[in-house]
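Enquirer: Full structure from sequences and hints, please.
Protein chains: 2
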Amino acid sequence: MPKVRLALAQTNPTVGAIQANLEQALDQISKAKDQGADLVVFGEMAITGYPIEDLASRESFILEAELAVRSLATELTKPQYQGLAVVIGHPAMASPQEQTGWAIAKNCASVIIDGQIIGRYAKHHLPNYSVFDEYRNFVPGNELLTFEYKGLRFSTVICEDIWQQGGPVAKLADNNTDIALVLNGSPFEIDKDDKRLALVKELVKRQSCAAAYVNLVGGQDDLVFDGDSIVVDSKGRLVARAKQFKQDLVLIDIEAKDEIEVVGEHHLTKPNDNWQAWNALVLGLRDYLQKNGFKSVVLGLSGGIDSAVCATIAADAIGAENVFGVSMPSRYSSDGSKDDAQNLAERRGINYRVQPIEDLVKPFETSLDLTGLSAENLQARVRGLILMSLSNKEGHLTITTGNKSELAVGYSTIYGDTVGGYAPLKDVEKTLVWELARWRNQYAISRGEVEPIPVASIEKAPSAELRPDQVDQDSLPPYDVLDAILEAYINQRKSRAEIVSFGFNQELVEKVLTLVDRAEWKRRQGAIGPKITGMAFGRDRRLPITNKYKG
Amino acid sequence: MPKVRLALAQTNPTVGAIQANLEQALDQISKAKDQGADLVVFGEMAITGYPIEDLASRESFILEAELAVRSLATELTKPQYQGLAVVIGHPAMASPQEQTGWAIAKNCASVIIDGQIIGRYAKHHLPNYSVFDEYRNFVPGNELLTFEYKGLRFSTVICEDIWQQGGPVAKLADNNTDIALVLNGSPFEIDKDDKRLALVKELVKRQSCAAAYVNLVGGQDDLVFDGDSIVVDSKGRLVARAKQFKQDLVLIDIEAKDEIEVVGEHHLTKPNDNWQAWNALVLGLRDYLQKNGFKSVVLGLSGGIDSAVCATIAADAIGAENVFGVSMPSRYSSDGSKDDAQNLAERRGINYRVQPIEDLVKPFETSLDLTGLSAENLQARVRGLILMSLSNKEGHLTITTGNKSELAVGYSTIYGDTVGGYAPLKDVEKTLVWELARWRNQYAISRGEVEPIPVASIEKAPSAELRPDQVDQDSLPPYDVLDAILEAYINQRKSRAEIVSFGFNQELVEKVLTLVDRAEWKRRQGAIGPKITGMAFGRDRRLPITNKYKG
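Just so you know, the sequences run in chain order A and B. Residue numbers for the first sequence follow my numbering, so the first one is 1 and each next one is one higher. Residue numbers for the second sequence follow my numbering, so the first one is 1001 and each next one is one higher.
These are computed hints drawn from the structure, not numbers from a lab. What you are looking at is a predicted structure, and each value in this text was computed from that prediction instead of being measured. Hints may be right or wrong, so weigh each one.
What the hints assert, rightly or not - Partial pick of chain B residues on the chain A-facing surface, computed with a CB cut under 7 Å:
| no. | residue |
| --- | --- |
| 1 | Phe1364 |
| 2 | Leu1373 |
| 3 | Thr1546 |
As the list claims (entries may be wrong) - Here are the simulated BS3-like pairs of lysine-lysine, each with C-alpha atoms no more than 27 Å apart in a straight line:
| no. | chain 1 | residue 1 | chain 2 | residue 2 |
| --- | --- | --- | --- | --- |
| 4 | A | Lys246 | A | Lys201 |
| 5 | B | Lys1548 | A | Lys246 |
| 6 | A | Lys522 | B | Lys1295 |
| 7 | B | Lys1522 | A | Lys522 |
| 8 | A | Lys150 | A | Lys78 |
| 9 | B | Lys1295 | A | Lys295 |
| 10 | A | Lys511 | B | Lys1295 |
| 11 | B | Lys1033 | A | Lys338 |
Using N, Cα and C, we set each Cβ at its ideal position, and we do this for glycine too.
Expert: Structural data, given as C-alpha cells:
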C-alpha cells in the first residue's frame, strides 16, 4: 500500500460561475475518493475560472470565491471525505495594508484537510507580459507553503512561480519537499507541451523533489487551456500525463519522491502538433459557444479554404447539424467557388443555403455611385449584413473566417467579412490553414471517414472574388513569403532593416510592414479568437493605433 | 538677476514620430533660449510620444530613441546653446541583467548640460492599473538623480513616482533638492487638475522643495493629455500654470526654492469642468485625425442629441467645412428629426446631404424575411454601410456617435450605428452629453455666436427611431437613473446587492447590470474614443466576455 494516492483533477471551470465550478470540483473529489485518493489537487483558480481579469478588483467577487472555498471545506467535513486532503486554486482578499487601490486580492491555493483550511499559498511571480495582466490584478505573496501529510512533505506553488527564478519555489528543497504541487492556468501554444515538461524536469532536478503539475482545460475567450497535466518524479522521469483538451482525473501512487506510479491506464506520449492545434481551435470555439449560451453558428461559405476550415472546426466542435453555412455569390463568384461551397457542406452534412447578393448590392451602387474599392467593400459588407441578419433572426453566433495573415495586413473589409463574435483562425497564419486542412483530411482518411474539405478549396489560388479574376496574390506576396515576413516582424519583433537582412526584398518588406501598421485600427475592432502561437493579435500584442514609427 | 530661468516645455509629441518630436523639442528649446532660459524641462517620453505600449519591447525603437537623445545633445553643443541645460523624457535600454525578456527598456529622463548627457533618471513607480501597462513595458529604476546647476539643486522624477509612497521621490529632501523636476504623461480626467495640484502641494510640503510639474499635451488614441503644467514653490504656493489643451512654454525665474516668479503674463485659475471636458473631446478627435492623416469626418445626423454634439465637436476640432453630415431617414423618422438634422448642419455650416434608406432596406427585408429586432438592426446596419461607403469613396474618417450610457447597456447595433474609427462620446454618459450640449450653446451665446445645437435636439425624448413611436425609455430607465446605476456598477465596482441598498429598484438593477455584462462582446469591437472619466470602457476596464458572475 502506497503512502499517498494523489489525484490530479484537470477541470474545465467557467469564469465567474463560482457555484457551478464548486460543484464540478466536488464531483471530481467524489470520483477521486471513490478511487481511493488521499489528496486531490486542482488547477489555478479552479473555483472562479481563469483569467478573471478585472473581476479581481470587485470586492463582492473575491468574497464570493472565499465563501465557495469555505463551503467546499464544510462539505469535506462529511464522513465520506474523512482523511481527504484537497488543494484548490482561488482568489482571496489581500490585507488592507497589502492592497494597492487597484489590486485587492491574491492568487491563492488553499490546502484543506478533513474540512479544515490548514494553509493558503499566494502566488509570488505574477505574469504581466503577453496575454497576462496579473501584476495589475493581484498582490504577490512571498512565502512557500509546505505541509506534511501521511508521511510525505508537499509544497504548493502556482504556475508562473516555476517559470521564473527565485521566490518561494527556490525554497522547495530547503523545506524538504517530497512533492511540489504546481497549480496552473497555462494556456495552449504550439510547442508549449515540450517547454512545460522541460521546465518541470528542470525544477525537480534543481529542488530534488517530485512535481505534480495540474493544468486547467477549456476555452476562455481568446485562451485555450489544454490540460496535459504531468507528473515527474524527483529523478526527472515522466510518470503520468493527463489528456489534452479534455477534463481528466489522473491518479498516482506515491511511495517516495522517486517512487511514483500511475494508477490504471495511461499514455506518456504527446499528440502531434497539428492534432494539438486543431483540437485547440475546436475546444476554443466549443467552449466559447457553450459558456456563452450559443447552440449554433452561421458563417459565409465562399468555397475558399478559410471558410472550409472554419466550418469543419465548427462541425467538429458542435456537430454539423448546428453549423449553418451560407453561400453568397456575386457576379464575380466563379462556378467553381459555388460548387466548392456546396461540396464542403454536403461532405459533412452542414446546413447550407444560397443567398445571392446582386439584388442587395445594386441599390447601394446606384444610390451612392460606388465603384472600385468602395464597391468591393460594399459586397463584403452586404454579406456581413446578411450573416448578422440571420444571426439575429435565428440565434446563431456568427463566426468570422479571416486568418492571421489577412488580419496582419488588413486584407479584409471591416464590418464586412470581419463581422462575428468569434474568429477561429485569428491566430492561424494562411500557410498553417492549408497545413491543417490537409492534416484534417488525412486524419479523416485514417479513421475511414470522408475527407471534410474539398481538395479544390485547398489547391486553388486564394481569391476574395470581389472583382473579375482577382486573386490574393495580385495585392500580396505568395503566402509563404508573407508569413515568413510576418513571423519576423510580429513574433520576433525585428526591424525593417533586420528583416531585409534576412534576404527579403526591401520594397516588399516596406509594403508588408506598412500594411501591418495601418491595419491596427481594424484589428482593434476584430472578434476574439483562440491564441495558439507565441504571439497572437489582441491582448498579446498591444500597439498604439496612432503610431508613426517606421523602424 | 535670478539664479535660474527655467522653461516648462509643454509639447505635443506623436507616438513613434521620433524625428518630428525631436525637431519639436529643438524648436521649443530655441524659443526658450531666446527668452533667456537656462534650463528647459519637457514632459515624460517627449522624444517618442506616450504611451508607446509594446513598442517598448522593440529593440530598434529603443535604439532610435537613444540616437535621437544623442543627436539632441550634439545639437546642444552649438555655441547658441552654451550654458543651457535640458531635461527630456525618453525610453532607454535596460542592462541585459535587468531585462525580463518582455520588458527591455526603462522610462527615463536625461539631463543634458552644454551638450553632455550628465545623468539619466529611470522612473521607479511603474503604473500598471487603469489604462497603464508600464510594469509590462518597462524595467523600474531605483535611484534619484540630483544635479547642481547655477547654484541650485535639481532632482528629476517621473509622473507616477509622485503618486506613490516611497522610492526615489522620498529622497528629495535628503538630497537637498531645491526644485523637483517632475516629467509627466498624465492623461486628462474630469477633476484631475485638482488632484494633481493637491499632490504637488503635498510633495513640496513633505520634501521641502519647489516643484516644476511638466505635462504633455495632445491626443493619443483613447487618451488626451491636457497639459496644465504647474509650478509650486516650497511654501506650497502655485506660481505658474500652463495652458490646458494647447502647447505652451512657461518661463519662471528661480531665486530660491521659496522665491519663484513667473515670467510674463499668466493665469492661475482653472477653467470650469464643462469647458475642460469639451476641450478634451475636441483635442482628442483633432489629434486622432491629424496624427493619422485624416482631413475630414463623416457621420450620420439623426436629429438627436448625440450626433448633434459629435458634429459640433468635430466642427470645433477641424472646422465645419471638413465635417460631412448625412441624414439617413427611414419610414420611422419623424419630420422633426429630419428638420433638426438639417437645422444643426445649417447653424454651423456643416456639409449636409440626405440619403433615404428605404430602397436599400427593402430588398434585405424581402430576401431575408426580416421583422422585429432583425429588421431594426438592419436599418442601423444599412446606415453604417452608407457611412462606410462614403468614407471609402471620399476619404473621410467615420465617427460613431454612441455615448457611454448606450455602450454600457449595449443599446446600439453592432456594425450599424457603431461603425467608425473614433467615438467622441465613448466616455460621456448621456446626462453629461445633455449638459455639455447646453454648456456649448451657452458658450456660443457668451461669445456672440449662433448656438450650434438645436434646442429641439436637446429637449426632445431620445429615440433610435427604428420602429414606430419608439423612444429609448421604452427599453431603458430614465437616463439620470441609468447613469447613476452605471456609475455605481462601473466606476465604483459595486455589487448588485450594494446598488440595491443605495435605493434603486432591484429588478431594474438586475436588468441594467445584465445588459452591461452582455454587451461586453460588442464593446470589445467598438471604436476607440477619448477617456475623460475615472473609468472608461476599453483598456481602462478589462473584463472577460465569457463571464457568468452575477454578484
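Enquirer: Each hint: holds or not?
Expert: Against the structure, the hints:
1. Phe1364: Check passed: Cβ of B/Phe1364 comes within 6 Å of chain A, closer than 7 Å.
2. Leu1373: holds (6 Å)
3. Thr1546: At 5 Å from the nearest chain A Cβ, B/Thr1546 passes the 7 Å test, so the hint holds.
4. A/Lys246 / A/Lys201: Roughly 24 Å between the alpha carbons, so the hint for A/Lys246 and A/Lys201 holds.
5. B/Lys1548 / A/Lys246: Holds: B/Lys1548 and A/Lys246 sit about 21 Å apart, inside 27 Å.
6. A/Lys522 / B/Lys1295: holds (19 Å)
7. B/Lys1522 / A/Lys522: Since the Cα atoms of B/Lys1522 and A/Lys522 sit roughly 14 Å apart, the hinted pair holds (cutoff 27 Å).
8. A/Lys150 / A/Lys78: holds (20 Å)
9. B/Lys1295 / A/Lys295: violated (45 Å)
10. A/Lys511 / B/Lys1295: This hinted pair holds, its Cα atoms lying about 23 Å apart.
11. B/Lys1033 / A/Lys338: violated (71 Å)
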